[in-house]
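The listed protein sequences derive, respectively, from chains A and B. Just remember that the numbering used here sits 1 ahead of the position in the first sequence, which is counted from 1. Just remember that the numbering used here sits 1 ahead of the position in the second sequence, which is counted from 1.
Errors might be hidden in some of the hints.
No distinction is drawn between identical chains; accordingly, a pair holds when it is met within one copy or between any pair of copies.
Stated by the list, open to error - Computed list of lysine-lysine pairs in DSBU-like fashion (alpha-carbon distance at most 30 Å, straight line): (1) LYS292 / LYS216; (2) LYS312 / LYS124; (3) LYS292 / LYS107; (4) LYS161 / LYS19; (5) LYS147 / LYS118; (6) LYS270 / LYS292; (7) LYS25 / LYS82; (8) LYS23 / LYS82; (9) LYS292 / LYS19; (10) LYS290 / LYS312; (11) LYS216 / LYS270; (12) LYS216 / LYS89.
No lab work stands behind these hints, which were simulated from the structure alone.
There are 2 protein chains.
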Amino acid sequence: MTVRKFKIAGVQLGPISKNTPKEKTVERLCRLLEDAADNQASLAVFPELALSSFFPRWYIDSQEDIDSYFEKGNITTGVVKPLFEVSKARGIGFFLGYAELTNDGKHYNTGILVNNKGEIVQKYRKSHLPGFDEPTEGAEFQQLEKRYFDQGDIGFQAVKTDPEWVDATVGILICNDRRWPEAWRCYGLQGMDLCLNGYNTASNGTSLFGGEENKALRLYHSDLSTKANAYFNSTFAVSVAKCGFEDGQELMAGSLIVDPNGRVIVQAKTEEDEVIFADIDLDETINGKTKMFDFSRHRRPELYSRIVEQKGSIELSFQ
Amino acid sequence: MTVRKFKIAGVQLGPISKNTPKEKTVERLCRLLEDAADNQASLAVFPELALSSFFPRWYIDSQEDIDSYFEKGNITTGVVKPLFEVSKARGIGFFLGYAELTNDGKHYNTGILVNNKGEIVQKYRKSHLPGFDEPTEGAEFQQLEKRYFDQGDIGFQAVKTDPEWVDATVGILICNDRRWPEAWRCYGLQGMDLCLNGYNTASNGTSLFGGEENKALRLYHSDLSTKANAYFNSTFAVSVAKCGFEDGQELMAGSLIVDPNGRVIVQAKTEEDEVIFADIDLDETINGKTKMFDFSRHRRPELYSRIVEQKGSIELSFQ
Chain A
2 MTVRKFKIAG
12 VQLGPISKNT
22 PKEKTVERLC
32 RLLEDAADNQ
42 ASLAVFPELA
52 LSSFFPRWYI
62 DSQEDIDSYF
72 EKGNITTGVV
82 KPLFEVSKAR
92 GIGFFLGYAE
102 LTNDGKHYNT
112 GILVNNKGEI
122 VQKYRKSHLP
132 GFDEPTEGAE
142 FQQLEKRYFD
152 QGDIGFQAVK
162 TDPEWVDATV
172 GILICNDRRW
182 PEAWRCYGLQ
192 GMDLCLNGYN
202 TASNGTSLFG
212 GEENKALRLY
222 HSDLSTKANA
232 YFNSTFAVSV
242 AKCGFEDGQE
252 LMAGSLIVDP
262 NGRVIVQAKT
272 EEDEVIFADI
282 DLDETINGKT
292 KMFDFSRHRR
302 PELYSRIVEQ
312 KGSIELSFQ
Chain B
2 MTVRKFKIAG
12 VQLGPISKNT
22 PKEKTVERLC
32 RLLEDAADNQ
42 ASLAVFPELA
52 LSSFFPRWYI
62 DSQEDIDSYF
72 EKGNITTGVV
82 KPLFEVSKAR
92 GIGFFLGYAE
102 LTNDGKHYNT
112 GILVNNKGEI
122 VQKYRKSHLP
132 GFDEPTEGAE
142 FQQLEKRYFD
152 QGDIGFQAVK
162 TDPEWVDATV
172 GILICNDRRW
182 PEAWRCYGLQ
192 GMDLCLNGYN
202 TASNGTSLFG
212 GEENKALRLY
222 HSDLSTKANA
232 YFNSTFAVSV
242 AKCGFEDGQE
252 LMAGSLIVDP
262 NGRVIVQAKT
272 EEDEVIFADI
282 DLDETINGKT
292 KMFDFSRHRR
302 PELYSRIVEQ
312 KGSIELSFQ
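Please construct the entire structure, taking both the sequences and the accompanying hints into account.
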């Protein structure tokens with residue numbers, strides 16, 4: 002049997018203080034995963050960096066202190082092990098974002114997809130790191146992702162999951178990636194029908210990253226990115242927040258599940274732990290993929306070369 | 002003096018019957034352009050194929066009949082000449098979509114940008130032709146753009162306009178192009194701060210192109226495409242409809258002007274001739290271009306190769 006219709010859960014997290022031991026956070030995630038399983042979800046989506054406070058908001062001097070936020074070695078056997086055990090015991094898959102420290106000393110903002118047997122079936126490393134390499138003097142909160150993380154080196158590799166669990170073609174994005182149509186399109190070109198994304202996004206812009214953007218505008222941008230890119234690629238999408246006042250900084254909520262027409266099916270109402278659910282039918286992606294967005298009939302890749310040949314924008318002059 | 006703040010007009014058109022002589026239509030467009038000039042607009046945006054009924058809805062056997070919808074030779078001296086004269090006399094630029102037949106027999110769905118002196122400063126030919134090469138039996142309305150038009154061969158060449166008229170970097174899209182983020186990004190990578198688009202879009206989906214999409218959903222898709230791509234590239238955008246019941250087929254309205262945050266500044270309220278206006282300041286694009294969407298700092302072109310190396314989608318299998 003092939004499972005195209007199933008229930009999916011977005012597990013929004015409230016704040017995680019830097020003083021909370023990771024074991025406690027994993028316990029909290031286990032309870033939420035059990036909640037999703039109790040509600041017959043096949044897959045639960047946690048946010049980006051779901052095991053700790055969003056540490057890139059601070060300038061941290063000591064590499065040892067920085068590394069304490071990262072998971073080293075085999076994630077299935079460390080502090081996160083109970084989450085894999087719940088997955089296997091309850092037959093529910095999950096997506097989890099966490100900070101990954103590799104054996105050769107690389108630091109990534111990583112996400113993994115775990116199937117309903119507690120097995121990792123895909124890993125992704127954030128491609129579009131926002132923020133800065135160097136701290137900004139006088140800023141209340143930094144955005145130092147470019148300092149603490151290496152750029153993701155995996156690219157956008159979609160994965161076809163076990164059809165007896167969920168028969169999906171899954172693409173993974175992390176936070177800021179959702180604003181970059183190139184990322185979605187790379188997955189769309191592999192037939193993605195389910196996009197998973199987790200985020201930690203400040204509710205208010207600062208001179209560093211958003212200018213004069215207020216909370217409503219930043220939420221509008223976030224929703225718009227998920228809705229439009231879901232439509233352009235005719236895919237379901239789940240975008241899930243870590244939110245609320247976390248160690249003094251307000252992070253936006255608004256976790257949502259979107260259909261392949263770019264419409265919101267369900268959106269979180271709170272700014273704390275909240276599990277949202279949607280019953281989805283992946284066959285609803287077929288209409289878009291075979292008509293408006295039948296790439297094989299309509300795309301013009303021979304005209305798109307600027308997208309790969311150029312990183313920044315050129316400046317034209319009047320002639 | 003460099004003009005970064007100015008008034009822009011979207012000139013929505015109601016239906017144009019196939020029985021209307023082109024001279025009459027051009028007269029109508031001249032009056033609307035004068036209306037825009039009376040309101041101190043610097044630039045007025047007409048829709049796609051603004052000189053005739055949307056003829057790709059019919060299967061037309063005779064090439065002579067097809068060609069009657071096209072403009073041959075120098076467009077500034079033919080039936081459209083009065084529009085260039087109003088432009089020059091009133092000092093207002095315009096964008097116009099029309100069907101272009103070249104001297105060597107090519108047929109394009111074309112748009113031109115004309116400055117405030119009645120001079121053509123840029124030409125664009127639609128890249129993403131929707132529809133089919135062959136008529137579909139039993140369909141009430143066809144969508145035969147792929148039959149009647151050659152694919153645009155120009156690509157996406159932005160143009161910097163005379164700063165004493167409007168100091169803009171303009172990108173031109175036609176109708177279905179607005180749904181393709183690749184097209185916007187090619188312009189965004191040239192610093193586009195004003196995107197002009199005209200469309201003829203059926204209000205209701207059919208088995209041919211939209212499936213079970215109703216009018217509200219198709220308008221949602223259209224708006225979403227303009228809003229999101231404007232945000233992703235931090236550009237103003239003007240998308241203008243030809244709309245209403247045209248020779249029996251209902252075309253959607255909803256012409257709109259969008260800011261670089263992807264927010265609607267103004268949207269047409271009717272489904273007939275209606276000029277909408279917005280006072281825009283192109284410097285509002287700078288925040289996005291230098292922060293969230295500073296391409297030179299954040300893009301990862303080395304990961305995007307699938308976008309140009311592949312036209313259609315590949316299919317993955319479970320392993």
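Note to self: Output the indices of the hints that this structure fails to meet, ascending.
What the structure shows: 4, 5, 12
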